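Since each chain comes alone in its own frame, lean on the hints to assemble the complex.
As a plain string of letters, each chain reads:
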Amino acid sequence: MLIDLTVCVGCNVCQGACKEENQLPPSEEKYLSLTAYTALSKYNDLYIRRMCQHCDVPTCVSVCPVAALSKADTGPVAYDAEKCIGCRYCLQACPYHVPKYEWSSTRPRIQKCKFCAPRLAKGLQPACAEACPTGATVFGERDELLLEAARRVSAEPTKYVPRIYGKDDVGGTSMLYLSPVPFEQLGFDARLGKIPMPMLTMSALSKVPNVLSVGGVMLGGIWWITNRRTEVAAFEASEKKGETPRPEDKP
Amino acid sequence: MKIRLLPRITRWHPIATTLILAGTLAAIARFTYGLGATTNLSDEFPWGLWIGFDFLGIGLAASGFTIVAAVHLFHAKEYEPIVRPAILTAFIGYMLVVLVLILDLGRPDHFWHPLVMWNPHSVMCEISWCLMLYTSVLSLEFAPIVLERFNILWPIKWIHAISLPLMIFGVLLSTLHQSSFGSLYLIVPNRLHALWYTPLLPVLFFISCLASGISMILLESLIFSRGGRDLLPTRLRANLAKVIAVILALYFVVRVENLLARGAWHDLTTVTYFSLAFYAEMLIGFVIPFGLLVVERVRNSRRGLYAASLLVVVGFALNRMNTAITGLENYPAQTYFPSMIEIFIMLGITALGFSAFSFVVKHLPIFEPVAVTPRVRQEAVTARPEPVFLTRHGGDLESS
Numbered sequence: 000m001l002i003d004l005t006v007c008v009g010c011n012v013c014q015g016a017c018k019e020e021n022q023l024p025p026s027e028e029k030y031l032s033l034t035a036y037t038a039l040s041k042y043n044d045l046y047i048r049r050m051c052q053h054c055d056v057p058t059c060v061s062v063c064p065v066a067a068l069s070k071a072d073t074g075p076v077a078y079d080a081e082k083c084i085g086c087r088y089c090l091q092a093c094p095y096h097v098p099k100y101e102w103s104s105t106r107p108r109i110q111k112c113k114f115c116a117p118r119l120a121k122g123l124q125p126a127c128a129e130a131c132p133t134g135a136t137v138f139g140e141r142d143e144l145l146l147e148a149a150r151r152v153s154a155e156p157t158k159y160v161p162r163i164y165g166k167d168d169v170g171g172t173s174m175l176y177l178s179p180v181p182f183e184q185l186g187f188d189a190r191l192g193k194i195p196m197p198m199l200t201m202s203a204l205s206k207v208p209n210v211l212s213v214g215g216v217m218l219g220g221i222w223w224i225t226n227r228r229t230e231v232a233a234f235e236a237s238e239k240k241g242e243t244p245r246p247e248d249k250p
Numbered sequence: 000m001k002i003r004l005l006p007r008i009t010r011w012h013p014i015a016t017t018l019i020l021a022g023t024l025a026a027i028a029r030f031t032y033g034l035g036a037t038t039n040l041s042d043e044f045p046w047g048l049w050i051g052f053d054f055l056g057i058g059l060a061a062s063g064f065t066i067v068a069a070v071h072l073f074h075a076k077e078y079e080p081i082v083r084p085a086i087l088t089a090f091i092g093y094m095l096v097v098l099v100l101i102l103d104l105g106r107p108d109h110f111w112h113p114l115v116m117w118n119p120h121s122v123m124c125e126i127s128w129c130l131m132l133y134t135s136v137l138s139l140e141f142a143p144i145v146l147e148r149f150n151i152l153w154p155i156k157w158i159h160a161i162s163l164p165l166m167i168f169g170v171l172l173s174t175l176h177q178s179s180f181g182s183l184y185l186i187v188p189n190r191l192h193a194l195w196y197t198p199l200l201p202v203l204f205f206i207s208c209l210a211s212g213i214s215m216i217l218l219e220s221l222i223f224s225r226g227g228r229d230l231l232p233t234r235l236r237a238n239l240a241k242v243i244a245v246i247l248a249l250y251f252v253v254r255v256e257n258l259l260a261r262g263a264w265h266d267l268t269t270v271t272y273f274s275l276a277f278y279a280e281m282l283i284g285f286v287i288p289f290g291l292l293v294v295e296r297v298r299n300s301r302r303g304l305y306a307a308s309l310l311v312v313v314g315f316a317l318n319r320m321n322t323a324i325t326g327l328e329n330y331p332a333q334t335y336f337p338s339m340i341e342i343f344i345m346l347g348i349t350a351l352g353f354s355a356f357s358f359v360v361k362h363l364p365i366f367e368p369v370a371v372t373p374r375v376r377q378e379a380v381t382a383r384p385e386p387v388f389l390t391r392h393g394g395d396l397e398s399s
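Quick note, the sequences are listed as chains A and B, same order.
With the first letter of the first sequence counted as 1, position 109 gets the number 108 in numbering that gives the first Met the number 0; the numbers rise by one all the way through.
With the first letter of the second sequence counted as 1, position 163 gets the number 162 in numbering that gives the first Met the number 0; the numbers rise by one all the way through.
Chain B with its partners taken away, still in its complex shape (with noise of 0.2 Å):
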């Protein structure tokens, strides 16, 4: 089956080059230039554009730990082609948004400080924390993939060896900092909108991060397939998307239940912009989605899922950035517009992020069927690229 009637981004490589290099130069202006002159950021609004795309980028790499944690710990090993693709997109977007922070703090020769420097109140310090420990892990499970490439075995086994522990540790920080970036703004009810600001920040940031990394990884299959096949048989994707479908449902009920509870669905009685932009994450994040992907048909389609991933993924984005700066344009009576350059620096970030994507699919055995032990695994990488795919009995690739 020829894959079709997907869109594609031609000319990447010329876009991918003028934004990486736009955002070269935009950096370079930020770091000689201060904050001040190069952002549009102000004492009234300390955070913008960077710590929404830092939301973003964590949210969507939440399929690290939800594949790795349905594959290998709770042993659902039909989904294991999609194991690979999603550490990648989890090692790629937190490795992104290391670069953010380090370019939006003020004093960047001073990121280490919170190793050393602790803080046990501090959501922050538990977010620095919970995002370096991850980052290590996430690099100890991408490692095996490059060491294979290169024919160095021995650390595979060493790593195989703490595997499980790893990944159970890698799962429980990623639900403590996905959840913290909610927390985050516990702190600020002052100033958020009462749409947004909710004690339930933390468990609702978790629950639509599960919903956002999954599309991805979807998306993902959907786009890179090899050799004309899918990496997911029909049947599984359609699962996907309906585990999908069930957290949208379990996201919406919390949120809105929330609403009423706090009485801030008067805020949703009038047009205003915080309302419109409460509808439109909402419609097209969740409400939309979701009523595609209850529908057989759509979930068996390839352009019927595209479309609903698509949308949870965008209102994702709809609803972090809402929260990092629509919200906060509530008080005091602010507006933030960020400046060409917070625009380009992001951009060229994003851009670096999806040429190494698709830099690492092209060098590495990212998108191909995996045996379990390295010396088998061994064997796959250098026998004939006929690559096995599962079975519709859901055989799984160990015994196989």
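With the rest of the complex left out, here is chain A (with noise of 0.2 Å):
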């Protein structure tokens, strides 16, 4: 999807649309939530709209020890609470801060938007973009967004900052985001970085064959010549006494 923060107007349809999709309550707010998946918070006089951003090389999905979390390859980012543990890595990881966590239950799991994968799957726009009044939010490929997207910046290059957050932030997201002022000012992350998060830990597991089959043969070697020297020494010990080496000895 395709957020254009110069032509959103705080109408908050989006959210509505998505607690009602959702069956959540109907209430105003300002925050993600376990009961608002979207929200609209207020920078000066624009409206910015957060929810998962639905990332190309997820942080949650990778750090899920259980993989209930998985990316499919039209957009969502799923969960499956059957499978979870609550070990909240996810809540720990995601450098966007989407998912909530139900802390009052005894058999809690956590919320996030869903991206409407449901209706995706029916060839349904996701709620909210279908409520959006403006056009501030726009479903559609991604290849193609990225393209109107640049054919928006190129056209009015003094409306928008030269950006498209989310077009490689942390590999790439699903959601896109043109905006007027800088990002920064906006309560975006800047220290995010294009590389995706996931390689920062697949550079350490990488290391595991390696520690378990070169460690593994090391280990082995040491041990092998440390005894051998302990027999060697026993048989000359023995050997020097003049005595007949116990069998066990033996090199």
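Calculated from the structure, these hints are not laboratory results.
Because the structure is a prediction, the values reported are computed rather than measured.
All the given hints hold, so there is nothing to weed out.
Calculated lysine-lysine pairs in the DSS-like style (CA-CA distance at most 30 Å, straight line): (1) A:Lys-206 to A:Lys-82; (2) A:Lys-41 to A:Lys-166; (3) A:Lys-240 to B:Lys-76; (4) B:Lys-76 to B:Lys-241; (5) A:Lys-41 to A:Lys-18; (6) A:Lys-239 to B:Lys-76.
Computed spacing ranges between beta-carbons, pair by pair: (7) A:Pro-117 to B:Val-252: 53 to 63 Å; (8) A:Lys-29 to B:Thr-31: 29 to 39 Å; (9) B:Val-115 to A:Lys-121: 30 to 40 Å; (10) A:Arg-190 to B:Phe-149: 54 to 64 Å; (11) A:Glu-235 to B:Phe-149: 33 to 43 Å; (12) A:Arg-228 to B:Phe-336: 53 to 63 Å; (13) A:Lys-193 to B:Pro-119: 19 to 29 Å; (14) A:Thr-229 to B:Ala-28: 48 to 58 Å; (15) A:Asp-72 to B:Thr-17: 53 to 63 Å; (16) A:Gly-186 to B:Asn-299: 53 to 63 Å; (17) A:Gly-134 to B:Trp-117: 39 to 49 Å; (18) B:Thr-17 to A:Gly-219: 47 to 57 Å; (19) B:Pro-198 to A:Gly-219: 27 to 37 Å; (20) B:Phe-336 to A:Thr-229: 47 to 57 Å.
C-beta atoms are modelled at their ideal positions from N, C-alpha and C, and glycine is treated no differently.
Given below as structure tokens:
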């Protein structure tokens, strides 16, 4: 989805549609919560719509020990509460602080935007994009939306900052933003960089097979050498004394 | 030589019983009312005291693999008397951590899921596997001590037959998950304070666990002694102390060099909550004990060693808690202080661990000279309890 902040008027219809689609209590909320999978926050005269970014290489999917989170080819990052063990690593790791946890439950799950996966499967748009009256949120293929965003920026270079947020931030996200002011001023984290976060842990995890194989051979070798040394020492000691070596001491 | 001059905890039994009871009540509350009502955890701060405790428990249990590797793989046989205490410490440490993890998980009934639902990209998945496998290895390493107490000797032969690959596997698993606890935080460069976040986290976690594990076993060997005699002769204790000093120095150099290289040392030039926490952990856990341990007189003195090892352990605890809590209070600007229930559960589990340790020590031959084959060991166990201690020439027990 492409979200053009210059077009958004802050009507909050997107949140209403989202709540209806997901059968959530219909109150207006300013921040993401268990009952708000999308929320509008205001910076000066700009409304910024927040929701799960549905990253191309999602951090949450990579950290989940039981693969309860998964990324579909069509875009959505889906969650399976039946698998979830409640380790909360996704809450800790998500660079956008998106997943919310059912802290008050004794069988807690996480909640977040589902990218209306059931609607997408039926060939429909996400509820928020369909409801948006101004076209601030547009749904489409990511490649086409990127072209459209680039076209808008080059057509009106004074209106937009020359950046499409989400194009390659943390490896690219399904949500793309256009803004008239630098994104850092809008509460977007500017320190995230372009490398997908999962690469950070992969650099450590990829060494596991090496540690196991090289380490195993090395430790085995050290044992063999030190063991042999003890055997030889015992043998030499017994030879000096002129005794017959015990059978187990024979090298 | 009668052992004096070490502080002793009196009235341990009533204290432990109270703590365990309080912890049990707190655990019941946690399961009845859920995590939200009983902890101070939140969406902004999803991991707290318990995760810090896990790091601590696993780190202090590191002696389980270092001492086993030193004695059985590197053939430093003169340290054999501390192998059993080390294995017991590790075994109990891991059991406690498993207990805390089950309390900490949102869905404890799903705790077995990582075994069947894999995600090779997840550090947490790797840790779950390592924890499970290494706890099994520790059980096998610990089993002979229990079995021989009940005179069931046939399984010991089997365990003995696979002991070499088992020990190598155990050392490798430990290397992996001790460092992986650091890798957990590699993915939060935006959250963890620069004084703690570094790509070298796994390396630093591994190096520091070596020092804390050996310090822990040194503390035990000083506190628990049999018949007024030391478990290890002064010379060997001093050698271990030297090893700790070298590891501390290595850690210090790697950590500081890394701070300089990343430019994070700028954060140390001002007095903030974070810089003070950093100075505290580095001074208490690394600089001061290093300064103590390079002095020969300290290495040869019971009190000196006791103080230095205690500092290493405390500094290690600070380091892990800083990584798990303080460093994360950085972003988003968020403070966290554990709730009473979180604290009581942690204290209760700690008391449980100490009680389990002293119970096992009382009933099983942990602090005793060890023979190698089951047959000889059986004789050693059934014979008059006259502990044979090592000679200063380092003669090993196999030949004695």
